[in-house]
Every structure is written in C-alpha cells, then in structure tokens.
Amino acid sequence: MTDAVILAYDPEVPRQIAFFLIAAVMVFSAFRVVTTKNVVHAALYLVLVLAGVAAQFILLGAEFVGVTQVLVYIGAVIVLFLFGIMLTRAELGDDESVATERRGMAALTGVLLFGVMTYAVVDVFDDQTIDRTEASTTGQIGDAIFKEYIIPFEAVSVLLLAALIGAIVIARKD
Amino acid sequence: MMLFAADPLLVGDFGWDTLAIMLGKVVIAFALLMLSVLFMVWFERKVVSDLQNRIGPNRAGPWGLLQTLADGIKLFFKEDLVPNKADRFVFGLAPYLSLIPAFLTFAIVPVGGDFTNNNGVVPMPGGEQTYLQVADPPIGVLLFLAMSSLAVYGIMLAGWSSGSKYPLLGSVRASAQMVSYEAALGLAVVAVLIQSESLSSHDIVAAQQGGIVNWNFFATGVVPFFVFLIAGTAELNRPPFDLVEAEQELVGGFHTEYSSIRFALFFLAEFMNTVTMSAIIVTLFLGGPNGPILIDSLGWFFPTFWFMLKLFVFLFTFVWFRATLPRLRYDQLMDLGWKLLIPISLGWVLFLGAQSIGRDRGWNSIAIVAVTALVFAVAGSLLVAAINTAKADRARALEEDPEGAHGRFT
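Chain order of the listed sequences is A and B. The working numbering puts the first residue of the first sequence at 1, with every later residue one more than the last. The working numbering puts the first residue of the second sequence at 175, with every later residue one more than the last.
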C-alpha cells in the first residue's frame, strides 16, 4: 500500500462517463424495442434496457436494487415473455403482422408519460443529492420494508397473491 | 470502490499491486475452473464406465486423462454448421450466454483462507491482504441467484434460434423447468441466510467456522440442503432432470443443431455449471474451506484442501445421480417442484423465521416447535386435500370424455 495510487482522483468522473455510456445504450435499445419487427429481438432489446437500469442502480451504490432488477425483470419477467412468444408464435425472422397503425397514439402516450414522470421526479427530488458514503444499502432497505412500510408491503403481497389465484381460476376450466 | 469494501484488499489506497492481485485472482480462478472442467468430463466418463462395468476412455494420456483435450481439439477443427433458417446472430450468441453466468457465479466462492484463526484473510506478497475469492460483493448469494436465472437465456435462445422443432421443444421445456425450480432453490438459500444473517458468501462461511457443530445441521443441513441439492440438479439440467436434452424424445434437445466449437462451448458450460453448483453447495451448507488445520506451518494449504475434498464429494454425487437414477417424466418433474419442494422449503423458512424471532423475544422454544408442527399439519393436510380433489376432478373429466382436452397425465 506504499506504491503509486492510481485511483486517487475524483470517482465522479468515471461515474459520469459510465452513466452516459450506459444511458446511450439504453436509449438505443429502447428505441429498437418498438421499431424492430422481430418479436424475440424486441424482447432481447428490452433485456438490454433493463440491464442498463440495473447497471445505473449499481453506479448509484444501490447494488441490492440492481441485482433485484436482474433477478426479477431479466431473470423472470422477460423469460416468461420469451416463453409465451415461443409457445404461441415462434417463427424466425421479421413478423410483418406486427401492428403499425396505432403508432401515432403510442408515440403520443409515450411522450405524455415521459412528461408526467419527469415532472414527478423533478418535483419530488429537486436538487437533492444521494449520500454514497454508506458501504451497503441492503440492510437499510430491509429495515425500511419490514418496519416503516410493513403495511403497504403486506398489502402488495396480498394483491399479488390475489392476482396469482385469479390467473389460475381464469386459466383452469375444470 | 465502496461496493467491494468488505475485502481487505480494497481497504486503503488502490495501487498497482492491488490491481495486480485482482487480475491474478481472476486469471487463476478462470484457469482453475477450466482445468476442473477438463478433469470433470474425464471423471464423469470414467466413473459412469465403472458403474456400468465398462472400461471408459483409456487411450489419450495416462488413464485417458487427456481424452477431453483430444475431444476439444477435434471439435475445434470440425465444420461449423449454421442451419439455413437460423437467426444467425442469436445462434452465435447463445453459447456464450450459457458460459458466462457459470463463470461469474464462481467469483463469489471462497476457495481457501484460514477462517479459524484469521477470518479467511490471506497475506499476499507486497504487504496486501485478501480473501481467496475473486470478489466478495455485499449482495453475495443474490449474485448466484441472478446468474442462475440468467443461465436460462443461453438454452432458451439456442433452441429458438436454431429454427428447428426439436431444439424449440427442448428450450421450452428448459425454461419451464428452470423457472419452476428457481423458486425452491431461492427458498433453500433463504434458510441459510437466516442463519448467517448476511448475504456475503465470505460471511456465510465465516458463520459456519469452528468445526462441524457450526454447520447448522438442524437448521439448514437437512431440509434446505436436500431441497437445494434436488433443485440445483434440476437447474443444471443434469440427470435425472435432463428432459431438456432427452435423447430418445428430442434428438439432442436445445443443442441439436449445434456443431463444432459452439457445441463445445455448451458442453463446457454444462460441466462448468456442475463444478460451480457443487462449489456453491459446499459454501452454503458445508462450511466452505473450513476444516481442522492439522499442521500449523501448512495453514495456507489445509483450507483449500478441505474445500477441494468437499467439492469432490459433490462432483461424485452428481455423476452417481447420472449413473443411477432414471429420467423423470415431465408431469413428475412439475409435481416434485411445485407440490413438494416449494411447500417444504417455504414451510421451513417460516419455521426458522419464527425460531429467530422467538430467540429475540425469549419465547419458549418447545412451544414454537409445537405451534409450527400444528400449523404444518393443518397446511399439509389442506394441500394434500386440494391436490387429491384436483386429481379426482380430472379423473372424472377423463372418464366422461376420454378424448377431451384434459390430457392423460393427472
């Protein structure tokens, strides 16, 4: 530990560079999700977007949220998307029947949603900064969920259980 | 650098020797894993031969040890075929998608270090100290779960991009199987985490330090261990859960259309996954590198030796499974996962949670066990009643309409 120090400069610089690189990949992939005509490729581009979100969380020092993003969205939700696609329409190559006529409305909805979410984020957080001196936020998240937010957490759990049972009831005919 | 702050290597300045040690650990871990795959392929063929009264590979090198190398070189020089209807980019990408998670998981496995006297810290040349694992992120075991859920992509996309129906059927089976067993796998891990009270693999091993009595035989050694072993075998798609590549039904399953080096990569990934899964079992349930240090001057040697020995036991177990157990039918696979493993491991996690709260609040431990047994009995009989009712319903539907859409397997 006596030799030359190679990481003594401000860690904000590589963080910013990484942020913009990942953000560029995310924007490109998000654009391809809606423009590609191959349904499986669209799902794979969505994987890239979600992996980018996970990477941004890790850059912010929220590694628990980042890995949960990978575990839940990439590891489960998209896998089920792909599973559904393969069971129903697994043809390779471009699918010309992918709907294009409602493009205008979809774009309008996207822009409106973007506006609302930007306003919400700016309105709530304004110019707050995140304290990144803590080594790991995992314990804090656990404490917050199971102490402060235990009622909403349980309510959401029951809601998910209801959705699960509902899905089984709808799917089973006997 | 706060993400990896737990490793003493990263405490203090980040200099060139820190970087050199990090790179060295990555290279050595990768080389070791590759070597162990070479060994594992030979070992599996040899043991299966022994169990089937055959001789097995014995031409290349002493006892046929170099057979895998010869096969690898042969595959490398074979023609690389891409089916006409394949999605070329995804077809090329899939083998790497199944290889990379296998290696990344190995990064969190502590392969050595004296946990008895020194908390797993190993001195390095140049005055640095480090753990003998590639990385010790605070999310630790979650990385293993995330990687095992990513491993499904390689198989799924290989099957889809081949543009052929047997691979597609294989990959649909694979994704259903892996998603189903991930839940049981995760719940078995939760039981370990309740005992260790940390996600980091280093802390899990450190919590089991001090001999066999600290391996939590009651809490994790029976129910979660066997659930993890079964669900882990299913995650690996190894026999008896190898429906993904059931030769009699699906030709070769998801890799039917793969040849040459791309097939070799799938083969490599499968065996690398086996080694990594064995290493994770040793870490979670058997104290990792913990063990008696018989000669004090060889303190660096014994932990790695014990780790390798325990690893070897599980490598043999997986081969043993392959040689002994017949493949499950698809409905048996789903029944085992959803109706047995998940309820059992979920119930055990709830029991461990109740015990942990009871310890904090000073409840009577016999009362906790009695209440848990009662709750389990009620919940178990409700589950069995529900399963039996569903079975009877389907049997009746089949009787009324033998050609109906209810299927023959109930």
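The hints are simulated quantities; they were obtained by calculation from the structure and are not laboratory data. Among the hints, a few may not be true.
Residues from chain B shown here face chain A by an in silico Cβ test under 7 Å; the list is partial [stated by the list, open to error]: (1) Met196; (2) Val200; (3) Val201; (4) Pro312; (5) Leu319; (6) Ser323; (7) Val346; (8) Ser349; (9) Pro466; (10) Ile467; (11) Trp480.
Simulated pairs of lysine-lysine, BS3-like, Cα-Cα distance not exceeding 27 Å [claimed, not checked]: (12) B:Lys513 with A:Lys37; (13) B:Lys259 with A:Lys37; (14) B:Lys220 with B:Lys199; (15) B:Lys252 with B:Lys339.
Note that beta-carbon positions come from the ideal geometry of N, C-alpha and C, so glycine has one too.
How the hints compare with the structure:
1. Met196: violated (12 Å)
2. Val200: violated (17 Å)
3. Val201: Given a least distance of 19 Å, the restraint on B:Val201 is violated.
4. Pro312: holds (4 Å)
5. Leu319: holds (6 Å)
6. Ser323: holds (3 Å)
7. Val346: holds (6 Å)
8. Ser349: holds (5 Å)
9. Pro466: violated (33 Å)
10. Ile467: violated (28 Å)
11. Trp480: violated (29 Å)
12. B:Lys513 with A:Lys37: violated (40 Å)
13. B:Lys259 with A:Lys37: It holds: about 17 Å lies between the C-alpha atoms, which stays within 27 Å.
14. B:Lys220 with B:Lys199: violated (31 Å)
15. B:Lys252 with B:Lys339: At roughly 24 Å apart (the allowed maximum being 27 Å), B:Lys339 and B:Lys252 satisfy the hint.
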